[in-house]
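*Asks:* Kindly produce the complete structure, drawing on both the sequences and the hints.
Number of protein chains: 2
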Amino acid sequence: MQKTSPPVQDYLKTIYELTREGRPASTNAIAERLRLQPASVTGMLQRLAARQPPLVTYRKRHGVQLTPAGRRVALEVIRHHRLLETFLVEKLGFRWDEVHEEACRLEHVISERMEERIAAVLGDPLFDPHGAPIPRADLTLPQREELPLTQVPGGSRIRILRVPDDDPALLRRLDALQLRPGTEARIRTQSPLEAVVTLEVAGRPPIPLGYPVGALVFVEVLS
Amino acid sequence: MQKTSPPVQDYLKTIYELTREGRPASTNAIAERLRLQPASVTGMLQRLAARQPPLVTYRKRHGVQLTPAGRRVALEVIRHHRLLETFLVEKLGFRWDEVHEEACRLEHVISERMEERIAAVLGDPLFDPHGAPIPRADLTLPQREELPLTQVPGGSRIRILRVPDDDPALLRRLDALQLRPGTEARIRTQSPLEAVVTLEVAGRPPIPLGYPVGALVFVEVLS
DNA sequence: TACTCTATTTAGTCTAGACTAAATAGAGTA
DNA sequence: TACTCTATTTAGTCTAGACTAAATAGAGTA
Numbered sequence: 001m002q003k004t005s006p007p008v009q010d011y012l013k014t015i016y017e018l019t020r021e022g023r024p025a026s027t028n029a030i031a032e033r034l035r036l037q038p039a040s041v042t043g044m045l046q047r048l049a050a051r052q053p054p055l056v057t058y059r060k061r062h063g064v065q066l067t068p069a070g071r072r073v074a075l076e077v078i079r080h081h082r083l084l085e086t087f088l089v090e091k092l093g094f095r096w097d098e099v100h101e102e103a104c105r106l107e108h109v110i111s112e113r114m115e116e117r118i119a120a121v122l123g124d125p126l127f128d129p130h131g132a133p134i135p136r137a138d139l140t141l142p143q144r145e146e147l148p149l150t151q152v153p154g155g156s157r158i159r160i161l162r163v164p165d166d167d168p169a170l171l172r173r174l175d176a177l178q179l180r181p182g183t184e185a186r187i188r189t190q191s192p193l194e195a196v197v198t199l200e201v202a203g204r205p206p207i208p209l210g211y212p213v214g215a216l217v218f219v220e221v222l223s
Numbered sequence: 001m002q003k004t005s006p007p008v009q010d011y012l013k014t015i016y017e018l019t020r021e022g023r024p025a026s027t028n029a030i031a032e033r034l035r036l037q038p039a040s041v042t043g044m045l046q047r048l049a050a051r052q053p054p055l056v057t058y059r060k061r062h063g064v065q066l067t068p069a070g071r072r073v074a075l076e077v078i079r080h081h082r083l084l085e086t087f088l089v090e091k092l093g094f095r096w097d098e099v100h101e102e103a104c105r106l107e108h109v110i111s112e113r114m115e116e117r118i119a120a121v122l123g124d125p126l127f128d129p130h131g132a133p134i135p136r137a138d139l140t141l142p143q144r145e146e147l148p149l150t151q152v153p154g155g156s157r158i159r160i161l162r163v164p165d166d167d168p169a170l171l172r173r174l175d176a177l178q179l180r181p182g183t184e185a186r187i188r189t190q191s192p193l194e195a196v197v198t199l200e201v202a203g204r205p206p207i208p209l210g211y212p213v214g215a216l217v218f219v220e221v222l223s
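Chains as they are written, first to last, in my numbering: chain A, 1 to 223; chain B, 1 to 223.
These are calculated hints, taken from the structure and not from any lab test. Treat the hints with care, as some may be off.
The list cannot tell twin chains apart, which means a pair is met if one copy fits it or any two copies do.
The list that follows gives simulated cross-link-like pairs (lysine to any residue, SDA-like), each with its CA atoms no further than 25 Å apart [as the list claims (entries may be wrong)]:
1. K3 / E76
2. K60 / R72
3. K91 / R113
4. K60 / E145
5. K3 / F94
6. K3 / D97
7. K3 / A50
8. K3 / A137
9. K3 / P53
10. K3 / L34
11. K3 / L209
12. K91 / R20
13. K3 / D167
*Replies:* Following this line, the structure appears as structure tokens:
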């Protein structure tokens with residue numbers, strides 16, 4: 001297996017995320033996520049597909065998927081990222097809205113040895129501070145039932161499992177509202193037409209969340 | 001001040017080390033340290049001198065020196081490197097021969113915020129595990145008297161202050177011989193002609209060190 | 001004063017990964 | 001069946017930082 005550069009690792013990570021639901025990732029979607037021009041993405045996809053071994057399967061105008069080799073690289077980088085986020089919060093006193101950017105740079109340069117040491121001092125955590133699953137050393141992912149907040153029926157009691165990690169302003173806001181992994185709440189109203197879900201947390205004023213945000217908050221249904 | 005790339009930071013760090021004694025660093029010396037071709041170094045020196053602000057002063061065929069701006073970058077990177085080495089040993093359980101390479105990659109990507117956090121959890125250390133001085137946040141260096149082992153008269157009692165950090169095999173050997181910063185010893189013989197200095201550590205067999213190694217071990221003279 | 005050796009520089013090339021501008025495939029519409 | 005729109009690709013360019021091969025400056029020597 002050849003060494004991969006930071007840009008290559010970023011592409012693979014992005015493709016991994018965009019193909020979670022099984023469908024190929026489009027050139028434009030990748031370009032948007034990475035803030036690159038689509039033409040640059042096309043060039044890189046061709047190179048990724050031409051590598052030995054190929055890291056993606058690329059059908060012109062139909063998008064890309066990861067090969068097993070590409071998925072391994074992606075999961076390795078994601079493991080680094082989430083272990084680092086956890087480490088920065090737990091051991092270095094970072095706030096949870098500060099760690100994404102730092103982890104995005106460090107994830108490409110830490111050795112396997114360092115990955116192993118970080119995992120060890122953290123006690124091999126399975127979830128990062130935002131509730132995202134951390135791939136294990138063998139690259140398998142801890143599985144659990146999770147549903148976006150937008151798909152839970154009104155009236156349900158829920159526990160927050162996961163929030164997005166890449167928007168510092170949103171994270172500060174969620175923190176101020178005490179909406180963190182572990183927080184329990186009731187769905188006061190679920191209004192698809194208005195695209196708002198309203199949460200009620202133990203005796204505090206109701207919290208309305210628009211669907212663009214609600215779709216990124218994953219929860220488990222308690223009752 | 002423009003952002004500097006990892007290669008640029010490596011050049012500046014190397015030039016800093018090569019110019020410690022005040023004389024300009026030669027193209028070849030830099031090439032050798034960085035394992036690059038001299039022609040590549042010439043190209044980079046021209047670019048470093050042409051930057052705004054210039055990071056080096058470069059006189060064709062006479063070598064380079066750092067400008068104040070270049071020195072600041074070098075010291076910043078060296079601070080990162082030595083804080084990281086200390087952190088990896090103290091907090092992540094690395095051995096002292098494992099940390100140099102890891103620090104060489106991390107030093108280019110950690111944020112000022114992370115530098116600050118690492119320094120804080122370590123209690124703002126002034127020396128790294130190999131005894132090298134860590135530039136303070138204001139980039140001043142802790143000063144102390146130190147002499148290479150090769151320049152201490154025979155019979156002196158000494159304390160080891162500093163060993164080189166970049167040779168893992170040598171570090172393992174020194175560790176096995178219990179020659180670490182803090183170790184006290186007596187100079188049993190100092191033989192410039194044979195180029196050997198022999199140390200005696202509290203009731204253990206004498207340890208002969210050749211001058212190429214002895215010149216890299218810095219000590220303070222106790223008596 | 002010309003000669004030689006070594007360190008250094010110049011000239012030209014390559015690669016990865018970005019870019020812009022122009023071309024085009026294919027889906028959906030008139 | 002031709003037309004239009006959008007996503008995507010192609011073609012060509014740029015930059016940093018490496019390389020090799022050839023030229024040369026300057027120190028030291030004959």
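*Asks:* Hint numbers the structure violates, sorted upward?
*Replies:* 4, 11 and 12
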